[in-house]
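Starting from the known structure of chain A, arrange chain B with the ligands on it as the hints suggest.
From first to last, the protein sequence lines stand for chains A and B.
Position one of the first sequence corresponds to residue 1 (this note's numbering), numbered consecutively onward.
Position one of the second sequence corresponds to residue 1 (this note's numbering), numbered consecutively onward.
Incorrect hints may have been included.
Subject to a maximum C-alpha distance of 30 Å in a straight line, what follows is the list of computed DSSO-like cross-link-like pairs (lysine-lysine) [what the hints assert, rightly or not]:
hint: 1; chain 1: B; residue 1: LYS129; chain 2: A; residue 2: LYS218
hint: 2; chain 1: B; residue 1: LYS71; chain 2: A; residue 2: LYS49
hint: 3; chain 1: A; residue 1: LYS49; chain 2: B; residue 2: LYS106
hint: 4; chain 1: B; residue 1: LYS136; chain 2: A; residue 2: LYS125
hint: 5; chain 1: A; residue 1: LYS143; chain 2: B; residue 2: LYS106
Note that these hints are calculated values from the structure, not bench results.
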Amino acid sequence: MFVAFEKVFTLANMIYLFKGALISLMIAALALFFGLILGIIGASAKRSKFFLFRWLGNIYVEVIRGTPMLLQILLLFAVMPAMYTAITGSVIRPNVYVIGVIALSINSGAYTTELIRSGINGIDKGQWEAAETLGLSNFQTMKLVILPQAFKRIVPPLVSEFITLIKDSSLISTIGAVELLKSAQVIGNTYFDVMSPYTLAMVFYLAMTLSISFVARKLEGRLAQSD
Amino acid sequence: MIKLKSITKRFNQFVAVDNVSLEIKKGEIVCLIGPSGSGKSTVLRCINGLEVPEEGQVLINDTPLIKDDEKYTDLKLKMGFVFQHFHLFPHMNVLDNLTLAQIHVKDRNETEAKDIAMKYLKRVGLEEKALEYPSKLSGGQKQRVAIARSLCMNPEVMLFDEPTSALDPEMVIEVLSVMQELAQEGMTMVVVTHEMGFARTVADRVIFLEDGQIVEENHAEEFFANPKSERARSFLNKVMH
Ligand SMILES: Nc1ncnc2c1ncn2[C@@H]1O[C@H](COP(=O)(O)OP(=O)(O)OP(=O)(O)O)[C@@H](O)[C@H]1O
Ligand SMILES: [Mg+2]
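Isolated chain B (complex conformation):
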């Protein structure tokens, strides 16, 4: 489904992602973890074209993701992206947030778009907030709306960049349980997270990054029970205690 072939991404001279290769299969749930600044977000952003690597290739369903290519928009639409800070459109109510791209990108008519929006709002448990403006929602609610907004575009993969890091602790659970449900329904997911509990129970595979490189790639249970690398072990020691 997703293949990264030796991608390298630099910011000026600084190498944020250093020769990273990985493959994500359909239906897989992969967590990217690692210390702050290790390049997790940058890897994730390279997957859907928010950053463009200087070297290497990003393949979506075996098609290279190349800006200005005719297939670019179609490939991008196969991927939903959820940001740490939600990025809802503050000047529209929740329903309009969910229908905007359906109408202008998917060419759905308004009734159809609204039906689909309400379906996904129900899925994240927020159908009664359809007419609220984002400013009236709690952080957890905003993030669930953002997830619903992505799902309205019927992506094949969902990419999450620390979806719970900006939330108060009591709201983390409501977002994680929406993600867990998605996982159970068979959605392919790549999740950058500091929620080790989530990674351990939901992920199939864990990729541990440091200094822009993949240090360890392992089954989730194996990774937490018995990490192969010394660096992963010391990282886990720090974050679990």
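Next comes chain A alone, as it looks inside the complex:
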């Protein structure tokens, strides 16, 4: 079954896979970052006193969470160039990595919105009341009392979100981005053996996800110190 393994296991191929892994990691990290920004905006919208903002926040979260990520990527891949043409009048060949990051960010933002919202809602309302009786404004209470506590609850699921993003970034191979999975496929095609490069890709994915979990556990231990 693995007859071609020694042939595939060359320095050049390993470097090629490593580059693919770096791209997957970069895309996931960027999507996590922009998703976090979208999540803060989304959570603020969902907690807003204005109905319109709450409504928009709900629609965003429900549409993204209720549809497949692959579909979102493919749709954005189709829509973005058309929109560009409609606005500027000129035609572009879309950069699939940029589209990938945007699609993953929008997707992650919906999940992060819920993470942040439930992190904030999970703080006992007694904390709000105690702050109120001490004369702190709503904004001060949010900044000094609620968010620092919510942050601790948000970090662990945010790490899971990062791991999910690393795995799901493989979906953008469908629009032509050469990340880790696609790199493995490319190698597979040259050797007419996908088994070995796929197995190697798995090892790379695991190396990334397990080391992130490991760091996260250390971090959680630190954060839990005051509890």
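Chain B with the ligands in isolation, oriented as in the chain A frame:
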């Protein structure tokens, strides 16, 4: 100092406080007692704006307490509030719990805020716990820290909502004695409590509530020795025996 003028507070259809009027004078110690669900907490929470009554008026030093009014925050700061479950800020140590609002609300600088915090921590006998996190404290210690945190804001009245109900029996006394000292220093206090011994010895006046209404208002000694109302009598019979 505090005046409630015919306040009514409803939760949906349910009337939790029904047309309650009362007055608390400077230096007075008043205990609110009554069966569970009689509206004691709600009355207390209306006094400092944690609940807003649908009808009637809350006056602090003859100024109406109205949300979004410019005087609202100043009026609220005249009142300290102590909760049954303490509600210390778990992510800060004791000292930071005590200085947070001093710095951000009273605009005191850090040194001044710390000095004041240490002064009140000493008063409640916990200066050696200044750098501990709340999770490391016993219930009684937490409540004393919560009282100190309120006192740091220099309130004119202290409101207590069952400050000892969440405590193990052996810790009740340390909290009650801090409250007793406060009373002796002349602090105005409104206390919701099930501690009949405390009400009897420390309170000037007792207000007995049932179904959201004031059933009896009496001198503390008189109330316990010889309650006027039948309902207060049967309540006392139940809780004292
Ligand atoms: N936020 C709320 N929403 C709905 N109902 C409430 C709320 N707060 C209080 N109530 C109801 O109002 C009534 C009075 O409540 P309150 O907490 O003032 O009673 P209490 O006398 O303090 O009772 P306890 O001794 O149990 O603390 C109760 O029936 C309670 O269920
Ligand atoms: Mg109560």
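So, going through the hints one by one against the coordinates:
Among the hinted pairs, B/LYS129 with A/LYS218 is consistent with the structure: their alpha-carbon atoms are about 28 Å apart, no more than 30 Å. The suggested pairing of B/LYS71 with A/LYS49 holds, with an alpha-carbon distance near 24 Å, which does not exceed 30 Å. Straight-line distance between C-alpha atoms of A/LYS49 and B/LYS106 comes to about 28 Å, which keeps the hinted pair within the 30 Å bound. Distance check on the hinted pair: B/LYS136 and A/LYS125 sit about 22 Å apart at the alpha-carbon level, within 30 Å; holds.
A C-alpha spacing of about 17 Å is found between A/LYS143 and B/LYS106, which places the hinted pair at or below 30 Å, so the restraint holds.
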